[in-house]
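Based on the sequences and whatever the hints tell you, model everything.
Number of protein chains: 4
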Amino acid sequence: MSQPNVFPVIDQTLLGERADLIAEAARELAAFGWTPATSSNFSMRLDDAHVAITISGRDKGRLIRSDIMLVDLDGQAVGTDARPSAETALHTQVYRRFPEATAVLHTHSRTQSVASRLFAADGVIRLEGWELQKAIAGYTTHESVLEIPVFPNTQHMPDLVAQVDAWLDSGKPLYAYLINGHGIYTWGRDMPETRRHLEALEFLLGCELDLRRLSP
Amino acid sequence: MSQPNVFPVIDQTLLGERADLIAEAARELAAFGWTPATSSNFSMRLDDAHVAITISGRDKGRLIRSDIMLVDLDGQAVGTDARPSAETALHTQVYRRFPEATAVLHTHSRTQSVASRLFAADGVIRLEGWELQKAIAGYTTHESVLEIPVFPNTQHMPDLVAQVDAWLDSGKPLYAYLINGHGIYTWGRDMPETRRHLEALEFLLGCELDLRRLSP
Amino acid sequence: MSQPNVFPVIDQTLLGERADLIAEAARELAAFGWTPATSSNFSMRLDDAHVAITISGRDKGRLIRSDIMLVDLDGQAVGTDARPSAETALHTQVYRRFPEATAVLHTHSRTQSVASRLFAADGVIRLEGWELQKAIAGYTTHESVLEIPVFPNTQHMPDLVAQVDAWLDSGKPLYAYLINGHGIYTWGRDMPETRRHLEALEFLLGCELDLRRLSP
Amino acid sequence: MSQPNVFPVIDQTLLGERADLIAEAARELAAFGWTPATSSNFSMRLDDAHVAITISGRDKGRLIRSDIMLVDLDGQAVGTDARPSAETALHTQVYRRFPEATAVLHTHSRTQSVASRLFAADGVIRLEGWELQKAIAGYTTHESVLEIPVFPNTQHMPDLVAQVDAWLDSGKPLYAYLINGHGIYTWGRDMPETRRHLEALEFLLGCELDLRRLSP
Numbered sequence: 115m116s117q118p119n120v121f122p123v124i125d126q127t128l129l130g131e132r133a134d135l136i137a138e139a140a141r142e143l144a145a146f147g148w149t150p151a152t153s154s155n156f157s158m159r160l161d162d163a164h165v166a167i168t169i170s171g172r173d174k175g176r177l178i179r180s181d182i183m184l185v186d187l188d189g190q191a192v193g194t195d196a197r198p199s200a201e202t203a204l205h206t207q208v209y210r211r212f213p214e215a216t217a218v219l220h221t222h223s224r225t226q227s228v229a230s231r232l233f234a235a236d237g238v239i240r241l242e243g244w245e246l247q248k249a250i251a252g253y254t255t256h257e258s259v260l261e262i263p264v265f266p267n268t269q270h271m272p273d274l275v276a277q278v279d280a281w282l283d284s285g286k287p288l289y290a291y292l293i294n295g296h297g298i299y300t301w302g303r304d305m306p307e308t309r310r311h312l313e314a315l316e317f318l319l320g321c322e323l324d325l326r327r328l329s330p
Numbered sequence: 115m116s117q118p119n120v121f122p123v124i125d126q127t128l129l130g131e132r133a134d135l136i137a138e139a140a141r142e143l144a145a146f147g148w149t150p151a152t153s154s155n156f157s158m159r160l161d162d163a164h165v166a167i168t169i170s171g172r173d174k175g176r177l178i179r180s181d182i183m184l185v186d187l188d189g190q191a192v193g194t195d196a197r198p199s200a201e202t203a204l205h206t207q208v209y210r211r212f213p214e215a216t217a218v219l220h221t222h223s224r225t226q227s228v229a230s231r232l233f234a235a236d237g238v239i240r241l242e243g244w245e246l247q248k249a250i251a252g253y254t255t256h257e258s259v260l261e262i263p264v265f266p267n268t269q270h271m272p273d274l275v276a277q278v279d280a281w282l283d284s285g286k287p288l289y290a291y292l293i294n295g296h297g298i299y300t301w302g303r304d305m306p307e308t309r310r311h312l313e314a315l316e317f318l319l320g321c322e323l324d325l326r327r328l329s330p
Numbered sequence: 115m116s117q118p119n120v121f122p123v124i125d126q127t128l129l130g131e132r133a134d135l136i137a138e139a140a141r142e143l144a145a146f147g148w149t150p151a152t153s154s155n156f157s158m159r160l161d162d163a164h165v166a167i168t169i170s171g172r173d174k175g176r177l178i179r180s181d182i183m184l185v186d187l188d189g190q191a192v193g194t195d196a197r198p199s200a201e202t203a204l205h206t207q208v209y210r211r212f213p214e215a216t217a218v219l220h221t222h223s224r225t226q227s228v229a230s231r232l233f234a235a236d237g238v239i240r241l242e243g244w245e246l247q248k249a250i251a252g253y254t255t256h257e258s259v260l261e262i263p264v265f266p267n268t269q270h271m272p273d274l275v276a277q278v279d280a281w282l283d284s285g286k287p288l289y290a291y292l293i294n295g296h297g298i299y300t301w302g303r304d305m306p307e308t309r310r311h312l313e314a315l316e317f318l319l320g321c322e323l324d325l326r327r328l329s330p
Numbered sequence: 115m116s117q118p119n120v121f122p123v124i125d126q127t128l129l130g131e132r133a134d135l136i137a138e139a140a141r142e143l144a145a146f147g148w149t150p151a152t153s154s155n156f157s158m159r160l161d162d163a164h165v166a167i168t169i170s171g172r173d174k175g176r177l178i179r180s181d182i183m184l185v186d187l188d189g190q191a192v193g194t195d196a197r198p199s200a201e202t203a204l205h206t207q208v209y210r211r212f213p214e215a216t217a218v219l220h221t222h223s224r225t226q227s228v229a230s231r232l233f234a235a236d237g238v239i240r241l242e243g244w245e246l247q248k249a250i251a252g253y254t255t256h257e258s259v260l261e262i263p264v265f266p267n268t269q270h271m272p273d274l275v276a277q278v279d280a281w282l283d284s285g286k287p288l289y290a291y292l293i294n295g296h297g298i299y300t301w302g303r304d305m306p307e308t309r310r311h312l313e314a315l316e317f318l319l320g321c322e323l324d325l326r327r328l329s330p
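Residue numbers (the numbering used here), protein chains in the order written: chain A, 115 to 330; chain B, 115 to 330; chain C, 115 to 330; chain D, 115 to 330.
One or more of the hints may lead you astray.
[Said to hold, decoys possible] Listed below are the simulated EDC-like cross-link pairs for lysine to aspartate or glutamate, each with C-alpha atoms no more than 20 Å apart in a straight line:
hint	chain 1	residue 1	chain 2	residue 2
1	C	Lys286	C	Asp173
2	A	Lys248	A	Asp304
3	A	Lys248	B	Asp173
4	A	Lys248	A	Asp273
5	D	Lys286	D	Asp173
6	B	Lys248	C	Glu214
7	D	Lys248	A	Glu214
8	B	Lys286	B	Asp236
9	D	Lys248	A	Asp173
10	C	Lys248	D	Asp173
11	A	Lys286	A	Glu257
12	B	Lys248	B	Glu307
13	C	Lys286	C	Glu257
14	B	Lys248	B	Asp188
15	D	Lys286	D	Asp236
16	A	Lys248	A	Glu261
17	C	Lys248	C	Glu307
18	D	Lys286	D	Glu242
19	A	Lys248	B	Asp273
20	B	Lys248	B	Glu261
21	C	Lys248	D	Glu307
22	B	Lys248	C	Asp173
23	A	Lys286	A	Glu214
24	C	Lys286	C	Asp236
Source of the hints: derived by calculation from the structure; they are not laboratory data.
This is the structure in structure tokens:
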């Protein structure tokens, strides 16, 4: 970000603000232990064509503004030689498919990883009867059902993108998804809403695992 | 709180002090992870007719004095356009039914939520044989039994209020209650006693869940 | 401690130093969550006849020097109107029976409470095969067996004191003990050794509970 | 380190830098609770013949530069009367067998200790299907298998060294190993890679224990 002239069409003030929001979220989520071993990645939409996203492999507990890079909606680096995360394609897909989304958080907590393995065979986790479902935008009662799909893991990103597209194209609602043995993706209209979604989902997955341990 | 003239009958110094006590408790309970995703709410009695209570939807880990509003004992906002939490009715009920109570804490920990689901069918959790029962005002021995009711959840507050009233009208002691899939309510004569009750109940519920996991 | 003249035979500098060590340990153990709801108490020997001990009911996370009082080896308050904890008798017993002990820590973690309930019927927890047994003074190998008795709880302190005396009079080694549904007592030649004993025992009890959960 | 003249061939600046890296890692790992009761030890290679390593028995949460000493690749103290840890032989073995390794971390978390006991009979833990396996240098897909051997514990270090040598001499890859009832050893090309390996292994062992609890 020391060369503002290479981003001719980018609002540098907005880029700086969003990079700071990403770095702050990263540090706080790392402190929860949800980003082990430099895993996880985070992004915010900048405008119709650009996204600010974490550079691959950085320690999320020490993230600063210069650990964030710019990509276009095809996931190509813009104005930098830095390498975007392989999973950038999953972020840009959210921004293409959800016009209101401005933030995407992908974390990797132990609860998320374990839940993804346990429910992988079902392909979905159904949450029901929890007051905290109301933390998901659009949910107003614990009596509703919140479905979180669990997609098979693959190192071939286009396959993952296709699985998410297929779910959306079927017309089912989607607020978040898990990848088997991996972690969660969720998003929202702004960073606070996205953080609220992530915290609520981590909490609900943890409750479901506890119930399963306790109800043989 | 920048317009003191709109609260003509309110002791502004007392309101400020109690708002600070609420905000401090909220930040500390949030740090324990007991207020996920902007859930939970907290209040303190101000005088015979007024209660200071957290405004709905604020991040409890960052609560400040201006996130607290005033309501009357019917749960109506006083001197503000802010929207009180839907659950305000459960707070004001405590102040009406327990003349000595000056603080109410409602949190939403994973232990509380899971315990509420496990014991919902019984309608009550019976705690017995734990030294820490003595942390509840009026208990002097681990040989006593401490009953915590678990009420069915509903988005219709008058039904919840009626359930609590029915328990109290039956003459049974009440120090705290759980709502199924939701969280806990407890109270006390001042904030330290209420904090002590909440910490003791969280601890005891956690111990009961552990024993259940370990004693098949 | 604002009236030094009421302790004519006490080394005030030493009392201040030991009160500071107790308060520091209390704050750190409270931060681990081992002193819920104002439970737990801590002491250090001052001389042949006096012990500095925490005053009953204080929040251990906020302990300061003035929360510590002086008692004699019979547990009677010295030079103060403050009320010593009911459990003071268990501290002074340690100082009478172990001439080298200068610190006693009694905490109340969830692991300690749950382990005490699970092993109460056996009356003892046998630890074996853990490298960390070597953290207990006198143990040099994981191949030894470390026995921690679990005594029945009672609100009548002389009965607890008698149970500990009976164990010691039988000639069995004693490094720590649990009280059922309650917590642990351990001690050492100085505060660092006592802290090391307490941390090792909390760790080993937690490992035993985990193994039991995992080895059906 | 107050007598620089006794280390005639040692780069004092490098020694100071590496001692600081070790102390920083120790404090952070202690804050995670992975070094209970003064257990665990940490080292960094200095040159072809020397290693900086933690002095035995120090509190890892408070480690400073003077808690680190120098040994040669036979584990003998260099330029100091301090006693190196009994486990120094396992550190120097890593530096002899892995020319690229510059850091070794040995910790002692509850998860590591419990996993070592559970898998001791198998002699190995096989990790498979976890995205975080990619945090181990050389792994590029969750479809690989990562084997962590579990060696029997002994207080006789040459036996432990021989077990590790036998594994390596058999030609099997080795990124880390557990000792039964004890803890983990891992290493890497620099401190950040070694930290990443340790965090990933702690996470993966925790996930495996959770899965085992949840999949009866």
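Hints and how they fare:
As the CA atoms of Lys286(C) and Asp173(C) are separated by approximately 35 Å, the hinted pair breaks the 20 Å bound. For the proposed pair Lys248(A) and Asp304(A), the alpha carbon gap of about 17 Å is at most 20 Å, so the pair holds. Of the supplied pair hints, the one linking Lys248(A) and Asp173(B) holds, its CA atoms being roughly 15 Å apart against a limit of 20 Å. Between Lys248(A) and Asp273(A) the CA atoms are separated by roughly 32 Å; this puts the pair beyond 20 Å, and the hint is violated.
With a CA separation close to 35 Å, the supplied pair Lys286(D) and Asp173(D) exceeds the 20 Å bound. With a CA separation close to 33 Å, the supplied pair Lys248(B) and Glu214(C) exceeds the 20 Å bound. Between Lys248(D) and Glu214(A) the alpha-carbon distance is near 33 Å, which puts this suggested pair outside the 20 Å criterion. With a C-alpha separation of about 16 Å, the suggested pair Lys286(B) and Asp236(B) falls inside the 20 Å cut-off, and the hint holds.
Distance hint between Lys248(D) and Asp173(A) is fulfilled; the C-alpha atoms sit about 15 Å from each other, no more than 20 Å. For the given pair, Lys248(C) sits about 15 Å from Asp173(D) by alpha-carbon distance, which is consistent with the 20 Å threshold. With a C-alpha separation of about 18 Å, the suggested pairing of Lys286(A) with Glu257(A) holds against the 20 Å cut-off. Straight-line distance between C-alpha atoms of Lys248(B) and Glu307(B) comes to about 12 Å, which keeps the hinted pair within the 20 Å bound.
For the hint pairing Lys286(C) with Glu257(C), the CA-to-CA distance comes to about 18 Å; that is within 20 Å, so the pair holds. Between Lys248(B) and Asp188(B) the CA atoms are separated by roughly 33 Å; this puts the pair beyond 20 Å, and the hint is violated. Between Lys286(D) and Asp236(D) the CA atoms are separated by roughly 16 Å; this keeps the pair inside 20 Å, and the hint holds. Distance check on the hinted pair: Lys248(A) and Glu261(A) sit about 13 Å apart at the alpha-carbon level, within 20 Å; holds.
As the CA atoms of Lys248(C) and Glu307(C) are separated by approximately 12 Å, the hinted pair is consistent with the 20 Å bound. A C-alpha spacing of about 17 Å is found between Lys286(D) and Glu242(D), which places the hinted pair at or below 20 Å, so the restraint holds. For the suggested pair Lys248(A) and Asp273(B), the alpha carbons sit about 19 Å apart, so the restraint of at most 20 Å is met. Using a Cα cut-off of 20 Å, the hinted pair Lys248(B) and Glu261(B) holds, with the two alpha carbons roughly 13 Å apart.
Between Lys248(C) and Glu307(D) the CA atoms are separated by roughly 30 Å; this puts the pair beyond 20 Å, and the hint is violated. Distance restraint check for Lys248(B) and Asp173(C): the Cα-Cα separation of roughly 15 Å lies within the 20 Å cut-off, and the hinted pair is therefore satisfied. Proposed proximity of Lys286(A) and Glu214(A) is supported: the alpha carbons are some 17 Å apart, at most 20 Å. Note on Lys286(C) and Asp236(C): the hinted pairing holds, with a Cα-Cα distance of about 16 Å set against a maximum of 20 Å.
Of the numbered hints stated above, those contradicted by the structure are hints 1, 4, 5, 6, 7, 14 and 21, listed in ascending order.
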